[in-house]
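Residue numbers (our numbering): 1 to 743.
Hints are computed from structural coordinates only; laboratory data are not their basis.
Just so you know, these numbers come straight off a predicted model, no measurement behind them.
Just so you know, even glycine gets a beta-carbon here, dropped at the ideal spot from N, CA and C.
Check each hint, because a few of them may be wrong.
[To be verified] 35 Å max Cα-Cα, derived DSBU-like pairs, lysine-lysine:
no., residue 1, residue 2
1, 641, 695
2, 641, 694
3, 240, 168
4, 724, 168
5, 551, 530
[Claimed, not checked] What follows is a set of in silico ranges between Cβ atoms, one per label pair, in the way DEER data are often shown:
no., residue 1, residue 2, range
6, 630, 158, 49 to 59 Å
7, 392, 605, 39 to 49 Å
8, 630, 503, 27 to 37 Å
9, 150, 221, 51 to 61 Å
10, 551, 581, 17 to 27 Å
11, 79, 496, 34 to 44 Å
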Amino acid sequence: SVGELLETQFRIGLVRMERTIKERMSLQDSDTMMLHDIVNAKPVAGAIHEFFGSSQLSQFMDQTNPLSEITHKRRLSALGPGGLTRERAGFDVRDVHSSHYGRICPIETPEGPNIGLIASLASYGRVNDFGFIETPYLKVENGVVTDTVEYLSAIEEEKYSIAQANAKLDKKKAFINDFITSRVGSDFSMVLKENIDYIDISPCQLVSVAASMIPFLEHDDANRALMGSNMQRQGVPLVKPKAPLIGTGIEHQAALDSGSCVVASRSGVVDNVDSGRIVIQADVDLSSEDSIVPANVDIYHLIKFRRSNQNTCINQRPIVKKGDRIKAGDVIADGSCTENGELALGQNINIAFMPWRGYNFEDSIMVSQRLMHEDTFTSVHIDVLDTVARDTKLGKEEITRDLPNVSEEALKDLDESGIIAVGTSVSSNDILVGKVTPKGETQLNPEEKLLRAIFGEKAGDVRDTSLRVPQGVDGVVTNVVVFNREGVERDERTRQIEQELLNSYEKDHHDEIRIVHSNLVNRILTVAEKKPLSADVLSIQGEVLVKKGTKISEEILLIIPLKSADGIQVTDKNINLKVGTFVRNALQQMYLLENVYQDRCEKVSKGDDLPPGVIRMIKVFIAIKRKLSVGDKMAGRHGNKGVVSTIQPVENMPYMEDGSPVDIVLNPLGVPSRMNVGQVLETHLGRVANGLGKKIEEFLEKNNPAKQIRSFLKNVYECQVAQKHFDSMDDQTFLEFVQKYKP
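Throw the hints in and build the complete structure from the sequences for me.
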């Protein structure tokens, strides 16, 4: 495992350090020797850096989309130090084995020379303390399935008879049939229900996360399912993600576990929302008299247009609104490839299986222009360009707007510091950061001497080395980051960036204090509402804020600042004790929040750790919008891949019986020989789901839609869980719920 590999490297580093310590101890005088003279941590740090920098098993994380990220983290490899080499690995090592059941996915593996050597952990598999992979089963006693979950390794499960997850059970979880299909090791047989020891917990425990996201997986040939699970990881995040109409039920869990969504850590009410952050007033027990109660405010900062390792765009969007009540564990913001907390790697589009004038010959794909106009398959990619100002032998390089032989037109988007403004549209060869580098001293001819005398020294001594947009890049500047060495004077742009950061910290701090104060007011009202004050409440400066005898109310308490709240006194001593506890707790929270705020502000003004000789580094992030075009690869979840051959106007596309044009035309010959019939079943069920969405849309336009939609959906979904879910919502919540599922 990763921990053991790291432990080995750490041990190597310690052995190297031990050697240097022994050498120094033998050379130095033991009386004057200090600990820092003999101990050097560099060998340990060097061993760790070497492991992460050059080991075959240390890889740059695949961040194309959330699924590729989660799959990369769950990868198993037989290669690397102490493992096999792909040349020597035979068929036996690569083949699927019965011990893989529920531990290693038999489907997801690369197609090339690494087939079978690199695998993926199954959905419910885990590595135990001894390094063996275990999978969970439910214990069966006398033909009745219990709620006891036991994890078994491949060696432990060999002696047990294990039933499959789809075995029929009655309401008491007892097997209905007398003979049950079961597995003992690699042998399958029919066994009496009394002889069954365990049962699988889920049909998808056999396969990995990516493979379990393929609908109708059982109807696809294994080779095509392999391609489907691998190609889902290649999908780029789209501008408008859409959750699949036909899913397998694991999309929500995959989105949560990938970490791309923002999840509420505590229950509460949404206090404030904007595109960059969500403020939640967490629930607290108002009557609690505990001396230590955590602050009831949670602020979630959303990731905006961050570049991933593969240059795709990571962007989070809030899906709650002000006043919404949320529970702990609810998704409050979507990630780059999620919609309403469900993984959304592609789009729901209308498909026709038919030939069309040879444009879908040999897996070519014909696409409607509508998909381009509506940005259905448009994605955003982020490129980063950077430049550094160094201290050279000839002098310091300078970031400036004053560039030699450059027109004012070329400098129009640069600020006073010579750095481009955020939000500017840029194209090839535009200047992003103005930079001049000192030239070497050269012998000047009379004409150059005259020019230098007229135009000043600078033009002759420096050359333009500005950062420019590369050829073929058109986009929008989304962010500029400036790094300065400690002690270097800040330019105007750096001060502006720092001020924006300080303003955001101040806004957070203001909201935190406001919610803590509001919570204190509510807690005091629970014990002292309408009670008269027994003394004047004074401000820190000694001014009277509220006079003695005034009855306590919400308006009065909101006038009193948090720091003056300890002056609130009534005639009842027991109430005073409770109020005192509430105030002390609020002040403690306030001081804690102020310390955090001060620490964050201090870090802003600190210099950055830059490589030797570098004075300043500037990174410019450019967002590039890419539309679907001829030559792009498209793929479904069943290994049905192809290349776009033509993009046709909507009026040229084949149309359905009701006159609606299709969005994409696939070759029907791509189905029988590939044996991935799952794509046809998905298409049929997708049309049904789309029809349900249209029916819901029709109901929404009528009077009293909630009642009609509820009865309609109850007829469609006969499952008890779904019916209870529909009944548990009031009309307003129910309508908000169904709005999400319109086509």
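Evaluated hints:
1. 641 with 695: 32 Å, holds
2. 641 with 694: Given that 35 Å is the threshold and the Cα spacing comes to 29 Å, the pair holds.
3. 240 with 168: Given that 35 Å is the threshold and the Cα spacing comes to 41 Å, the pair is violated.
4. 724 with 168: Measuring from Cα to Cα gives roughly 23 Å; hence the hint holds.
5. 551 with 530: 5 Å, holds
6. 630 with 158: 49 to 59 Å: Between residue 630 and residue 158, where Cβ atoms are some 55 Å apart, the hint holds.
7. 392 with 605: 39 to 49 Å: 28 Å, violated
8. 630 with 503: 27 to 37 Å: Given range 27 to 37 Å: violated, Cβ gap about 47 Å.
9. 150 with 221: 51 to 61 Å: 34 Å, violated
10. 551 with 581: 17 to 27 Å: The hint (17 to 27 Å, Cβ to Cβ) holds, given that residue 551 and residue 581 are roughly 22 Å apart.
11. 79 with 496: 34 to 44 Å: Violated, since residue 79 and residue 496 (Cβ atoms, about 49 Å apart) do not stay within the stated range.
Consistency note: the structure conflicts with the earlier hints numbered 3, 7, 8, 9 and 11.
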